[in-house]
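Student: Listed below are the residues making up each chain.
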Amino acid sequence: MKVEVKGIKKSFGKVNVLKGVDLTIDNAQIHALMGENGAGKSTLIKVLTGVHQKDSGSVSIDGIKIDIKNIKEGQELGIAYVHQELNVIKELSIIDNIFLGRELRGTKGMLDIKAMYDKTLRVLKQLNLEIDPKTAMKNLSVGSQQMIEIAKALLQDAKLIILDEPTAALTNKEIDILFSIIRKLQKNGVSFLYVSHRMNEIFELSQKITVLRDGKYIGTEITKDINEDRLVEMMTGKTVDNLFENKGTPSKEKILEVSNFKKSGQFEDVSFDLYKGEVLGFSGLMGSGRSEIMHCLFGSEKLDSGRIKIEGKDTKIEKPLDAYKNGIAFVTEDRKEQGLILNFSISDNIILPSLKKVKNLFVDDKKIKEISRKQIKKLKVRCTDDNQLVKNLSGGNQQKIVLSKWIETNPKILILDEPTRGVDIGAKKEIYDIINKLKEDGVSIILVSSELSEVVGLSDRVAVMHNKKLAKIFDTKPFNQDKILKTAFLGEDYIG
Amino acid sequence: MDKSIKIKKGNLANKKGYIERFGLAALLLGLSGFFTMLNSNFITLYNIQNIFKQSAINGLIAYGMTFVILLGCIDLSVGSILALVGYLVGNLIVLFQIPVGIAIIMGLMLGIILGIINGCLVAKVKLQPFIATLITMTVYRGITLIISNGLPVRNLDKASPFIGLLNKGKVGIFPISMIIFVGVLGILWVLLHKTVFGRHLYATGGNEEAARLSTIQTSKIKIKGYAISGFLSAVAAILYISRYNSIYPNAGQGAELDAIAAVVIGGTSMSGGKGLITGTFIGALIIGVLNNGLNLLGISSFYQEVIKGLVILLAVVADKRKKI
Numbered sequence: 000m001k002v003e004v005k006g007i008k009k010s011f012g013k014v015n016v017l018k019g020v021d022l023t024i025d026n027a028q029i030h031a032l033m034g035e036n037g038a039g040k041s042t043l044i045k046v047l048t049g050v051h052q053k054d055s056g057s058v059s060i061d062g063i064k065i066d067i068k069n070i071k072e073g074q075e076l077g078i079a080y081v082h083q084e085l086n087v088i089k090e091l092s093i094i095d096n097i098f099l100g101r102e103l104r105g106t107k108g109m110l111d112i113k114a115m116y117d118k119t120l121r122v123l124k125q126l127n128l129e130i131d132p133k134t135a136m137k138n139l140s141v142g143s144q145q146m147i148e149i150a151k152a153l154l155q156d157a158k159l160i161i162l163d164e165p166t167a168a169l170t171n172k173e174i175d176i177l178f179s180i181i182r183k184l185q186k187n188g189v190s191f192l193y194v195s196h197r198m199n200e201i202f203e204l205s206q207k208i209t210v211l212r213d214g215k216y217i218g219t220e221i222t223k224d225i226n227e228d229r230l231v232e233m234m235t236g237k238t239v240d241n242l243f244e245n246k247g248t249p250s251k252e253k254i255l256e257v258s259n260f261k262k263s264g265q266f267e268d269v270s271f272d273l274y275k276g277e278v279l280g281f282s283g284l285m286g287s288g289r290s291e292i293m294h295c296l297f298g299s300e301k302l303d304s305g306r307i308k309i310e311g312k313d314t315k316i317e318k319p320l321d322a323y324k325n326g327i328a329f330v331t332e333d334r335k336e337q338g339l340i341l342n343f344s345i346s347d348n349i350i351l352p353s354l355k356k357v358k359n360l361f362v363d364d365k366k367i368k369e370i371s372r373k374q375i376k377k378l379k380v381r382c383t384d385d386n387q388l389v390k391n392l393s394g395g396n397q398q399k400i401v402l403s404k405w406i407e408t409n410p411k412i413l414i415l416d417e418p419t420r421g422v423d424i425g426a427k428k429e430i431y432d433i434i435n436k437l438k439e440d441g442v443s444i445i446l447v448s449s450e451l452s453e454v455v456g457l458s459d460r461v462a463v464m465h466n467k468k469l470a471k472i473f474d475t476k477p478f479n480q481d482k483i484l485k486t487a488f489l490g491e492d493y494i495g
Numbered sequence: 000m001d002k003s004i005k006i007k008k009g010n011l012a013n014k015k016g017y018i019e020r021f022g023l024a025a026l027l028l029g030l031s032g033f034f035t036m037l038n039s040n041f042i043t044l045y046n047i048q049n050i051f052k053q054s055a056i057n058g059l060i061a062y063g064m065t066f067v068i069l070l071g072c073i074d075l076s077v078g079s080i081l082a083l084v085g086y087l088v089g090n091l092i093v094l095f096q097i098p099v100g101i102a103i104i105m106g107l108m109l110g111i112i113l114g115i116i117n118g119c120l121v122a123k124v125k126l127q128p129f130i131a132t133l134i135t136m137t138v139y140r141g142i143t144l145i146i147s148n149g150l151p152v153r154n155l156d157k158a159s160p161f162i163g164l165l166n167k168g169k170v171g172i173f174p175i176s177m178i179i180f181v182g183v184l185g186i187l188w189v190l191l192h193k194t195v196f197g198r199h200l201y202a203t204g205g206n207e208e209a210a211r212l213s214t215i216q217t218s219k220i221k222i223k224g225y226a227i228s229g230f231l232s233a234v235a236a237i238l239y240i241s242r243y244n245s246i247y248p249n250a251g252q253g254a255e256l257d258a259i260a261a262v263v264i265g266g267t268s269m270s271g272g273k274g275l276i277t278g279t280f281i282g283a284l285i286i287g288v289l290n291n292g293l294n295l296l297g298i299s300s301f302y303q304e305v306i307k308g309l310v311i312l313l314a315v316v317a318d319k320r321k322k323i
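Note that the protein sequences, when read in sequence, are chains V and C. Taking numbering that gives the first Met the number 0, the leading residue of the first sequence gets 0, the next gets one more, and so forth. Taking numbering that gives the first Met the number 0, the leading residue of the second sequence gets 0, the next gets one more, and so forth.
Heads up, some of the hints might be wrong.
Stated by the list, open to error - Simulated crosslink set (BS3-like; lysine-lysine; CA at most 27 angstroms straight-line):
#1 K193/C - K68/V
#2 K335/V - K157/C
#3 K335/V - K308/V
#4 K335/V - K193/C
#5 K125/C - K137/V
#6 K319/C - K365/V
#7 K193/C - K368/V
#8 K219/C - K318/V
#9 K307/C - K335/V
#10 K123/C - K318/V
#11 K319/C - K355/V
#12 K301/V - K319/C
#13 K355/V - K193/C
#14 K319/C - K335/V
#15 K301/V - K193/C
#16 K125/C - K262/V
#17 K356/V - K193/C
#18 K355/V - K123/C
#19 K319/C - K324/V
#20 K390/V - K193/C
#21 K261/V - K123/C
Stated by the list, open to error - Estimated spans, in silico, between C-beta atoms of each pair:
#22 D213/V - L37/C: 32 to 42 angstroms
#23 V14/V - L312/C: 48 to 58 angstroms
#24 K319/C - E300/V: 35 to 45 angstroms
If you are wondering where the hints come from, they were derived from the structure by calculation, not from laboratory data. The structure displayed is predicted, hence computed values, not measured ones. Cβ coordinates follow ideal geometry from the N, Cα and C atoms, glycine included.
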């Protein structure tokens, strides 16, 4: 299927989101769509899938001009959309999820379970997935759930599959499987529109790249004729050099000593030190126990055993409040579930852990405003004002709010768990700058991240988790990425 | 991306609520106008005082319910707390001849304790709020039946003139119960919007996990929320015994439903984190006006229930429209 989009304009009220966008996806092509958060990618997708109606411009499929009036029409035309956030019902089985809303019926209006089972089985086989269709969704990994979404698209006979950040929650192995499936489907004539912030994936997978910026069409390039620097330039409109910087040298002063941390089933035998003004990276596969260690260090989960020393003194941390009192702050992994109260304004979110600082008998609203305005300025949060609800901010700006709420507590130790997940490159760079600035101010930072380049680029030392144990701490720069990766996969023994 | 477009301004302490509150106030005035047209007795001073007196008991319970619902929880035991506290105070005055001041203080303390028990079941034992308070609703009511042996306590004003005064007394044109109803609103508004506790309560209801990870001790906040609900039910119990000059063991049955109705009409979200105590105030008055007006028109209580239900539907649908 060849999809041609020309001069699409779309505005919401007074805000022009798409200001004349072109996009041509050829038959059996993997076409990457790139741009920073707020560039208009999602809106373009929504126009293509029939969620929104375009104001002007044209969409044609195989040369025929069409108007997609609603989601159903989009589906009937063969356009399927796999959301960034998976829409699965965890308690239901694969079959139930795949046929949700278009269940097959047999005689007497009863469900035709057999037919649905067979169809599901066939499409799973097509995707090389050996899973029983009756398996409950909750028993599948996030990666497999993603595949099920693709299976759903295939069953709808999709000719164009739109994938929005499909790898955000996948392990490397799952990503490989996903890619091989995408390529296989491509051979069968399916086109893909692939939206991702991950450069290496775009270069590995796509044939063409279209870039949007501020709702404008910047250009379409053949993937193999373009390099990363040029792509970033197209997206940001400026050259970004030195994405990673590692400024300042940490002192020899130990601020935190963690010894023999153990939580059964999660991790065991974890010991490490943290020095003043240091960035200690934590690398490892998903589920290797990194986040759980941090939760225990912060008191939000309970340890089985282990000791914590802060500035040489034995310290008990049983609840987050204890951690706060000892100068520990924790930017959690999942900003929507754990980091923010989405219905709260920016200032109410920023002040939450520091409320006690701004009250006598009553809370001082003026002071709260002052503080939040200062933080908004400092972290370059893009928003209308501090009264804006955080649910209306983009991912990168939401992340900055989580950061600023903890920076406001003046921590000595700052734990960052996946601080740049789902954040565009511009905001990423800004978050890296913030990390370096904090480090210069003597804050000690623990950086947990699945992006190896990020860990390697920012850290002074890198701890690698393998199989729920701390396998090794790399402490000489420059770090050997290959060795870190192999340690994460195979453990310390690998390094002979 | 398009999220940044629908720019909604709002801060839980101000701005956002105005439209909703004025919409509600319009509904209240509209209803009042309607009843006035049909029966001129409706708008007399005596009747307006009466409406406030009638609304005060449900209103106080609904205030407490607002705290609990803002936390994303529910309290079904409020009616049983009312009965048990009313019974304690009534017996202390009539049977044991204890000074009324002390009796009332003990009653209020009992309300707090019963609330704390609810809070502990929810926050510590981790029962679902609906189930936890369904249990205590049954148990508290059962205890009342046991100690009363099913019999009422009557003629409270003979044992304590103060109880009679609470009902009949006025400051100027304002009945005492109305002053309590409005005064408590002011105190609770300050508590919700000007104190750290208030922020913590909204945060816990808005996203408990995020609140917990922001160093808020969410269990304590929940227990305090239930304690406030218990306390306000006890205050309502005092007004109840003064208004009816007696207490029956089945007093306050179904009170939780009227209270929830007032909270919902007032625009508070049942999923927690969003809502205003002033909305509940108006919600309680709307229910009060309905009861009073329909009675004045002589409409059978069977029809009244249906009409009340439809008004709740109207308020909730209108509120939903506004949010879209």
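Student: Give a verdict on every hint.
Tutor: Comparing the hints with the structure gives:
1. K193/C - K68/V: Distance ~48 angstroms between K193/C and K68/V Cα, so the pair is violated.
2. K335/V - K157/C: Violated, because 60 angstroms separates the two Cα atoms, which is more than 27 angstroms.
3. K335/V - K308/V: Given pair K335/V, K308/V is violated - Cα atoms ~31 angstroms apart, limit 27 angstroms.
4. K335/V - K193/C: 26 angstroms, holds
5. K125/C - K137/V: 23 angstroms, holds
6. K319/C - K365/V: 32 angstroms, violated
7. K193/C - K368/V: 14 angstroms, holds
8. K219/C - K318/V: 13 angstroms, holds
9. K307/C - K335/V: 39 angstroms, violated
10. K123/C - K318/V: 15 angstroms, holds
11. K319/C - K355/V: 35 angstroms, violated
12. K301/V - K319/C: Distance ~41 angstroms between K301/V and K319/C Cα, so the pair is violated.
13. K355/V - K193/C: Measuring from Cα to Cα gives roughly 12 angstroms; hence the hint holds.
14. K319/C - K335/V: Answer holds: K319/C to K335/V is near 24 angstroms, not above 27 angstroms.
15. K301/V - K193/C: 33 angstroms, violated
16. K125/C - K262/V: 22 angstroms, holds
17. K356/V - K193/C: 14 angstroms, holds
18. K355/V - K123/C: Roughly 25 angstroms separates the two Cα atoms, so the pair holds.
19. K319/C - K324/V: 42 angstroms, violated
20. K390/V - K193/C: 23 angstroms, holds
21. K261/V - K123/C: 25 angstroms, holds
22. D213/V - L37/C: 32 to 42 angstroms: Distance hint for D213/V, L37/C is violated at roughly 60 angstroms.
23. V14/V - L312/C: 48 to 58 angstroms: 35 angstroms, violated
24. K319/C - E300/V: 35 to 45 angstroms: 38 angstroms, holds
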